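Quick note, the sequences are listed as chains A and B, same order. Reading the first sequence from the start, the letters are residues 1 to 253 in the working numbering. Reading the second sequence from the start, the letters are residues 1 to 254 in the working numbering.
Everything labelled a hint here was simulated from the structure, so no lab data went into it. No experiment lies behind these values; they were computed from the predicted model shown. Please note that the accuracy of each hint is not assured.
Taking beta-carbon pairs under 10 Å as the criterion, some of the chain A residues facing chain B (in silico) [stated by the list, open to error]: (1) Ser-23; (2) Tyr-55; (3) Tyr-76; (4) Ile-81; (5) Ile-106; (6) Gly-108; (7) Ser-112.
Residues from chain B that keep clear of chain A, each with C-beta distances beyond 10 Å, as calculated [claimed, not checked]: (8) Val-24; (9) Leu-40; (10) Ser-42; (11) Tyr-47; (12) Asn-66; (13) Thr-100; (14) Leu-138; (15) Leu-146; (16) Leu-181; (17) Phe-194; (18) Ala-198; (19) Glu-220.
Just so you know, even glycine gets a beta-carbon here, dropped at the ideal spot from N, CA and C.
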Amino acid sequence: MSADFSIVSQSLSKSYGPHCALSDLTFSTRAGEIIGILGRNGAGKSTTFHLLTTYLKPSSGAASVTGFDLVKESKYVRQVIGYLPESFNLYPELTVEEYLFFIARIRGLAKSDIQKQVISSIELCSLGDYRRVLCGLLSKGYRQRVGLAQAILHRPKVIVLDEPTNGLDPEQVMEFRAVIDSLAAQGATILLSTHILQEVQALCRRVLVLDSGKLVLDSGGLSEGDSFDSVERLFKQAIITEPGRDSYKESVK
Amino acid sequence: MSVAFVVARRDLWALLVTPMIYVVSSLFLLLSSYFFFMNLASFNREYVRFYESAARLDSQMPGLHNLVIEPYFLSVVFLFVFITPLIAMRLLAEERSSGTYQLLAILPISPLQIVIGKFVAGSIVVALIAALSLCYPLLLLTFAKLEVSVLLAGWVAVLLCGVAFFSISLASAAISESPFLSALIGITVLISLFFLHAATDIIKTDYLVVDKLSVYLHLEKMTQGLISLSSITFFIVLVGIGLLLTWQLLSRNR
Numbered sequence: 001m002s003a004d005f006s007i008v009s010q011s012l013s014k015s016y017g018p019h020c021a022l023s024d025l026t027f028s029t030r031a032g033e034i035i036g037i038l039g040r041n042g043a044g045k046s047t048t049f050h051l052l053t054t055y056l057k058p059s060s061g062a063a064s065v066t067g068f069d070l071v072k073e074s075k076y077v078r079q080v081i082g083y084l085p086e087s088f089n090l091y092p093e094l095t096v097e098e099y100l101f102f103i104a105r106i107r108g109l110a111k112s113d114i115q116k117q118v119i120s121s122i123e124l125c126s127l128g129d130y131r132r133v134l135c136g137l138l139s140k141g142y143r144q145r146v147g148l149a150q151a152i153l154h155r156p157k158v159i160v161l162d163e164p165t166n167g168l169d170p171e172q173v174m175e176f177r178a179v180i181d182s183l184a185a186q187g188a189t190i191l192l193s194t195h196i197l198q199e200v201q202a203l204c205r206r207v208l209v210l211d212s213g214k215l216v217l218d219s220g221g222l223s224e225g226d227s228f229d230s231v232e233r234l235f236k237q238a239i240i241t242e243p244g245r246d247s248y249k250e251s252v253k
Numbered sequence: 001m002s003v004a005f006v007v008a009r010r011d012l013w014a015l016l017v018t019p020m021i022y023v024v025s026s027l028f029l030l031l032s033s034y035f036f037f038m039n040l041a042s043f044n045r046e047y048v049r050f051y052e053s054a055a056r057l058d059s060q061m062p063g064l065h066n067l068v069i070e071p072y073f074l075s076v077v078f079l080f081v082f083i084t085p086l087i088a089m090r091l092l093a094e095e096r097s098s099g100t101y102q103l104l105a106i107l108p109i110s111p112l113q114i115v116i117g118k119f120v121a122g123s124i125v126v127a128l129i130a131a132l133s134l135c136y137p138l139l140l141l142t143f144a145k146l147e148v149s150v151l152l153a154g155w156v157a158v159l160l161c162g163v164a165f166f167s168i169s170l171a172s173a174a175i176s177e178s179p180f181l182s183a184l185i186g187i188t189v190l191i192s193l194f195f196l197h198a199a200t201d202i203i204k205t206d207y208l209v210v211d212k213l214s215v216y217l218h219l220e221k222m223t224q225g226l227i228s229l230s231s232i233t234f235f236i237v238l239v240g241i242g243l244l245l246t247w248q249l250l251s252r253n254r
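So here's chain B without its partners, still in its complex pose:
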């Protein structure tokens, strides 16, 4: 496995010195701040409306978690739908199209070690970007009362989902040597996974099956602070499927 970490270290360095990752991170910060402050503005409007209406006597005002943090984390994960295929594209598809992979592939290193190395490097970058998403909730925490455990559960959901998305993106990057095509395949697959729950409205099928496979519904539960074994298992299985597919695709190409 030490060889896999040699690959991981090189790939991490390659990602950190590339301007693309800083452009992507800046866009991520910009868009996530937009989503966060839109949610906060929406909360303020709800707050004013609630206290101006008579309904407050019978019901309870939804909290910051429901109106700000939960939709914010869901929108952050939606941004990962576009970010993770770009990282995977940079790590695998570009390496294959540029010809650097050809030298790597003839070294005494197995496709599995290459996949693990790239997965570790990409996951570290995903975790760093996910850490950036915490800055606005932490800012809110300084002057509002938030449950840290729920906040943490939401962030763990973002992290797990980001890593799972990266794993799936890596498989799409192994399908095609064209960086553009691999990113397009990755984004298409992830959008389908993200909105799988919407299929229940269209096909009117067994709701429970789709419920179990829906990224959105697992995320929704976790951002509400409900970390269940089934949700964690779901994301781990997604990671496993992505890695297995990438491994098989790279092995087939040999």
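Pulled out of the complex, with its shape left as it was, chain A reads as follows:
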């Protein structure tokens, strides 16, 4: 697996008993790319993320993150990856700052770096006014920001965000997009799952579409002039060309 790629996935599959949640997923990404992962509910987006973050072990296939094998070197993968799950909770008895210090210590950041990294993440996610507020008292939007702050705390090379703008107000969404852009500009690969096509259009320069656990479309790089319609069209085409989707085809037509 080449070191030029931040993620290399080769025939990655995951089954839960007889149910195949993800089948034969093959793709690769480069540093600085922002990739939107689209798909209907149950398409395999979260399973893909769970595999890439080593939360689950693949049933077959192989993948590497910045050259580290998902199974054999999972500890190193966890060190270079940042993950904001779709549903998570924060320790309610810790303040935002205490929580981020806790994560930094578990991530094994050097003592001299911890303070600097925590403050930097707090500033990047606009949490300055909330640093001494208990996590249990935060609104959904601010909890999401803390989730993002913990995901980028160690300046990961790959950032995986599962429906990150859920529950955010429009202003927070815009701030969030700015953070994502700046992280990608610093060389981080960002995988973003969302149901909001406009978000993909605004942020991503490449789209992967999953359906029934299979990768049905890899757009390659979208050009600067692509409109929202082009992402919507890509999504529809990808789903329609998938065999056995007649009823959905009709509804789209």
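Keeping the supplied structure of chain A fixed, place chain B upon it in accordance with the hints.
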């Protein structure tokens, strides 16, 4: 291992700021005081009966240790059957059901480090609660003659058993994400372990085997001041089994 202690420190803090632990400790103090003073009242009745009967010329009156301290420590351990699954439930099952565990599980920390961290935090709380159980015997010590070494042996038994029970409870909390179910499994397993010695009366099996596996019989010996290597080993093995099971269950879930 330093990562395990980061988890332990956070978990200890989480336990100490939760109202549940203070409610549990208060109930523990209340029930243990009830058991202690019931035992003391029973001792007083025995004392009066003994000196009123002629039997005193031929036999010796059982002491405070036999009639008060020993049954008191056994009843304290019985309270741990209900307390330790609640602590484990708070530390592991609730964390898994609330979604905080999901973020912990994707950090560069192994399931073993998580288990050790939670075990250390829970054991400290168990030790603090066990320390509360000493207040009544110490009160008695101020105006009655007690052997401090026997008292200490009894307390060590309470502590060891409490920690072993917590370890087993942690495994039950790793089985289910439902806090209620995990506590129920823990209590059921611990009650079975505590009353294992009663099985000898029912199944009429090789007594020695059950004797070696009975928590109650090991405890009984230690509260009498008989600290043996086999009893200490027994509790350490229980701790080991609990931790190993928890580790395996958490690893399997990944």
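message: Does the closest beta carbon of chain B sit nearer than 10 Å to the beta carbon of Tyr-76 of chain A?
response: Nearest chain B Cβ about 8 Å off; hint holds.
message: Take the shortest C-beta to C-beta distance between Tyr-55 of chain A and chain B; is it under 10 Å?
response: At 5 Å from the nearest chain B Cβ, Tyr-55 of chain A passes the 10 Å test, so the hint holds.
field: Status of the Ser-23 of chain A interface restraint (C-beta, 10 Å, chain B)
entry: violated, 21 Å
- request: Say whether it holds or is violated: Thr-100 of chain B keeps its Cβ farther than 10 Å from all Cβ of chain A.
  value: violated, 5 Å
query: So is Leu-146 of chain B really clear of chain A, every C-beta pair being over 10 Å apart?
result: Per Cβ check, Leu-146 of chain B is outside 10 Å of chain A; nearest 41 Å; holds.
query: For the hint on Ile-106 of chain A, does the least C-beta distance to chain B fall short of 10 Å?
result: For Ile-106 of chain A, the interface hint holds, since the closest Cβ of chain B sits about 5 Å away, which is under 10 Å.
- request: Quick one: work out the minimum CB distance from Glu-220 of chain B to chain A and report holds if it exceeds 10 Å, violated otherwise.
  value: Non-interface label stands for Glu-220 of chain B: nearest chain A Cβ at 40 Å, farther than 10 Å.
message: The output says Ser-42 of chain B does not contact chain A. Does that hold with a beta carbon cutoff of 10 Å?
response: holds, 43 Å
- prompt: Is it the case that Asn-66 of chain B keeps its Cβ farther than 10 Å from each residue Cβ in chain A?
  reply: The assertion about Asn-66 of chain B holds, with a minimum of 45 Å to chain A.
Restraint outcome when Gly-108 of chain A is required to lie within 10 Å of chain B by C-beta distance: Holds, because the Cβ-Cβ distance from Gly-108 of chain A to chain B comes to roughly 7 Å (cut-off 10 Å).
task: Tell me if Ile-81 of chain A is really an interface residue toward chain B, meaning its C-beta lies closer than 10 Å to one of theirs.
output: holds, 8 Å
query: Does the no-contact call for Leu-40 of chain B survive, Cβ to all of chain A over 10 Å?
result: Consistent with the label, Leu-40 of chain B stays out of reach of chain A, its closest Cβ about 40 Å off (over 10 Å).
Hint violations for this structure: numbers 1, 7 and 13, all remaining hints satisfied.
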